[in-house]
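Chemist: Produce the entire structure from the sequences given, and follow the hints as far as they go.
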Amino acid sequence: NAGVTQTPKFQVLKTGQSMTLQCAQDMNHNSMYWYRQDPGMGLRLIYYSASEGTTDKGEVPNGYNVSRLNKREFSLRLESAAPSQTSVYFCASSDRGTGGLSREQFFGPGTRLTVL
Amino acid sequence: GDSVTQMEGPVTLSEEAFLTINCTYTATGYPSLFWYVQYPGEGLQLLLKATKADDKGSNKGFEATYRKETTSFHLEKGSVQVSDSAVYFCALSDLRKDDKIIFGKGTRLHILP
Numbered sequence: 001n002a003g004v005t006q007t008p009k010f011q012v013l014k015t016g017q018s019m020t021l022q023c024a025q026d027m028n029h030n031s032m033y034w035y036r037q038d039p040g041m042g043l044r045l046i047y048y049s050a051s052e053g054t055t056d057k058g059e060v061p062n063g064y065n066v067s068r069l070n071k072r073e074f075s076l077r078l079e080s081a082a083p084s085q086t087s088v089y090f091c092a093s094s095d096r097g098t099g100g101l102s103r104e105q106f107f108g109p110g111t112r113l114t115v116l
Numbered sequence: 001g002d003s004v005t006q007m008e009g010p011v012t013l014s015e016e017a018f019l020t021i022n023c024t025y026t027a028t029g030y031p032s033l034f035w036y037v038q039y040p041g042e043g044l045q046l047l048l049k050a051t052k053a054d055d056k057g058s059n060k061g062f063e064a065t066y067r068k069e070t071t072s073f074h075l076e077k078g079s080v081q082v083s084d085s086a087v088y089f090c091a092l093s094d095l096r097k098d099d100k101i102i103f104g105k106g107t108r109l110h111i112l113p
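Taken in sequence, the protein lines are chains R and Z.
Following our numbering, the numbering of the first sequence begins with 1 at its first residue and continues without gaps.
Following our numbering, the numbering of the second sequence begins with 1 at its first residue and continues without gaps.
Source of the hints: derived by calculation from the structure; they are not laboratory data.
Please read these numbers as outputs of a predicted model, since none were measured by experiment.
Among the clues, some could well be false.
To be verified - Under the rule of at most 35 Å between Cα atoms (straight-line distance), these lysine-lysine pairs were calculated in the DSBU-like manner: (1) R:9 with Z:97; (2) R:9 with Z:60; (3) Z:52 with R:71; (4) R:71 with Z:60; (5) Z:68 with Z:56.
Modeler: In structure tokens:
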């Protein structure tokens, strides 16, 4: 049981290049999320997917696109990378508990992206 | 909208000292409250949670009580260790609204041997 996995762990891009960050979970969770973490800013939600086939914008979606390929996988794409997108990116997944109570989110180890 | 405010860091303590990290929240509903911990170079992991008023979450010697009257969820530990050095995030979630978690900005904790 690997939990949430992310690839790659590190990436350096030049301005204008594109790339896709991959995320997969093996916990059969319905919801998946992409966050970015910047110093002093905490975690900011980029996009999330409440179920297979649906995606919604979070707090900072500009410059990103996502694909919920199936229940397990949720990818984040940068079409034309900018230095402002230098950050650590985390994928997470969760599922609803019983009685409408929130369940925890499980996080991947992160992708450290530098855009030059 | 809903929000979480936690004390700014870094917080530096000596080993075996008492720890308090303050967290207050604003919410229109009845959220669940969480503390997450992030060790260097890793993703976040759940430390403890509380789902209703007066609940106490506890794990690894850490405790936090859901105080609705003061809208607070302060994290405490009686005797910290060097291995507790990490970044701690307070968070809330209300599934009656959506599937999102709202995080505070994090508090970095340094424990000196």
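Chemist: State for each hint whether it applies.
Modeler: Here is how each hint holds up against the structure:
no.	hint	result
1	R:9 with Z:97	holds (33 Å)
2	R:9 with Z:60	holds (29 Å)
3	Z:52 with R:71	holds (30 Å)
4	R:71 with Z:60	holds (33 Å)
5	Z:68 with Z:56	holds (12 Å)
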